[in-house]
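Protein chains: 6
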Amino acid sequence: MPIATINIIEGRSDEQKEKLIEKVTQAIHEAIDAPKQNVRVILNEMPKQHFGIGGESVKKMGR
Amino acid sequence: MPIATINIIEGRSDEQKEKLIEKVTQAIHEAIDAPKQNVRVILNEMPKQHFGIGGESVKKMGR
Amino acid sequence: MPIATINIIEGRSDEQKEKLIEKVTQAIHEAIDAPKQNVRVILNEMPKQHFGIGGESVKKMGR
Amino acid sequence: MPIATINIIEGRSDEQKEKLIEKVTQAIHEAIDAPKQNVRVILNEMPKQHFGIGGESVKKMGR
Amino acid sequence: MPIATINIIEGRSDEQKEKLIEKVTQAIHEAIDAPKQNVRVILNEMPKQHFGIGGESVKKMGR
Amino acid sequence: MPIATINIIEGRSDEQKEKLIEKVTQAIHEAIDAPKQNVRVILNEMPKQHFGIGGESVKKMGR
Numbered sequence: 001m002p003i004a005t006i007n008i009i010e011g012r013s014d015e016q017k018e019k020l021i022e023k024v025t026q027a028i029h030e031a032i033d034a035p036k037q038n039v040r041v042i043l044n045e046m047p048k049q050h051f052g053i054g055g056e057s058v059k060k061m062g063r
Numbered sequence: 001m002p003i004a005t006i007n008i009i010e011g012r013s014d015e016q017k018e019k020l021i022e023k024v025t026q027a028i029h030e031a032i033d034a035p036k037q038n039v040r041v042i043l044n045e046m047p048k049q050h051f052g053i054g055g056e057s058v059k060k061m062g063r
Numbered sequence: 001m002p003i004a005t006i007n008i009i010e011g012r013s014d015e016q017k018e019k020l021i022e023k024v025t026q027a028i029h030e031a032i033d034a035p036k037q038n039v040r041v042i043l044n045e046m047p048k049q050h051f052g053i054g055g056e057s058v059k060k061m062g063r
Numbered sequence: 001m002p003i004a005t006i007n008i009i010e011g012r013s014d015e016q017k018e019k020l021i022e023k024v025t026q027a028i029h030e031a032i033d034a035p036k037q038n039v040r041v042i043l044n045e046m047p048k049q050h051f052g053i054g055g056e057s058v059k060k061m062g063r
Numbered sequence: 001m002p003i004a005t006i007n008i009i010e011g012r013s014d015e016q017k018e019k020l021i022e023k024v025t026q027a028i029h030e031a032i033d034a035p036k037q038n039v040r041v042i043l044n045e046m047p048k049q050h051f052g053i054g055g056e057s058v059k060k061m062g063r
Numbered sequence: 001m002p003i004a005t006i007n008i009i010e011g012r013s014d015e016q017k018e019k020l021i022e023k024v025t026q027a028i029h030e031a032i033d034a035p036k037q038n039v040r041v042i043l044n045e046m047p048k049q050h051f052g053i054g055g056e057s058v059k060k061m062g063r
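Residue numbers (our numbering), protein chains in the order written: chain W, 1 to 63; chain V, 1 to 63; chain A, 1 to 63; chain P, 1 to 63; chain H, 1 to 63; chain B, 1 to 63.
If we strip away everything but chain W, and leave its shape as in the complex, we get (with noise of 0.2 Å):
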């Protein structure tokens, strides 16, 4: 029953986070064995003010 949370920038497409979820999930049944049903995936979307790197945000940044 495996339980993942990913977090990514803000900007996908609701087509690119579909397919996040589906490759996510037959990643984790490959790799480990678990029935894909039992797979749940959390998508978290960072504003790019709320992400920082090395110090700085990657909305400061210019990203």
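These aren't lab readings, by the way, just hints derived from the structure by calculation.
Predicted model, so just to flag it, every value in this text is computed and none were measured.
All residues carry an ideal CB built from backbone N, CA and C; glycine is no exception.
Check before you lean on any hint, since a few could be wrong.
What the hints assert, rightly or not - Beta-carbon label-pair distances, calculated as ranges: (1) P/Gly11 x B/Gln37: 15 to 21 Å; (2) W/Met1 x H/Ser13: 17 to 23 Å; (3) A/Glu10 x H/Gly62: 22 to 28 Å.
Using the hints provided, position chains V, A, P, H and B relative to the given structure of chain W.
Same frame as chain W, now just chains V, A, P, H and B:
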């Protein structure tokens, strides 16, 4: 000083969320004898396209 | 499909933890009307030197 | 490669959040000698009705 | 710069965990086009008495 | 009432962890003007085989 984080699908009313905080705090207090005023509860609301079960988002499933 | 994570200080018995899982699950079920079998609870036990309150670990406080 | 997640109540300015990322990164660097560029900080803003203290949300308390 | 945290029940081999890190990283890379070297994966192993399904720990269920 | 969770690789001394709690608490206090006694810090130590960078665990990299 227990700290609980609860992930729930979006769509609950403020009244339900208040009840959730109240009842979970009471449950923790009763189970492990922690003073109620020391319990913290964080609710995290997930949009339907951000929660995947068995490789599909709840949104895609049409729930 | 609510998923709760509860951080507690180390030192509770297995019986207390079992009660914690049971009571928190029941509380979530009652508060937001989620089927009990859909609720997941993850306990995370913190060593006393890994939890800080007001800038000091619980270990250093001698609690 | 330390990764910090900080839950804060909604209502801080972008300037305060930027300062939070900067100062926490510096603090981690100084305390455990991790290179600053390796530190990641994730801010998670909680709406007042999503954070409970002692069984009541911060919203209900009127804070 | 995606960061994934995966909760799994204790008992997997180091080889399975290595495969889990590798495959989930690849899946994230493919789904949202993030450079592989930017992906971080944190595994969190749960003892059986620390994970509850439907109000009972996995340990109590005898799984 | 800020709550910080910091993931670090295993291997730091108790003294370093104490310093980490102290300095991060101070940093949060200064950045967003939260009273120090309200700040909570949770340290989460990751074994080297449980943290992956770019698809490989820190253990496998031999760091």
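Results for each hint:
1. P/Gly11 x B/Gln37: 15 to 21 Å: 20 Å, holds
2. W/Met1 x H/Ser13: 17 to 23 Å: For W/Met1 and H/Ser13 the Cβ distance comes to about 18 Å; the hint holds.
3. A/Glu10 x H/Gly62: 22 to 28 Å: With Cβ atoms ~25 Å apart, the hint holds.
Of the numbered hints stated above, none is contradicted by the structure.
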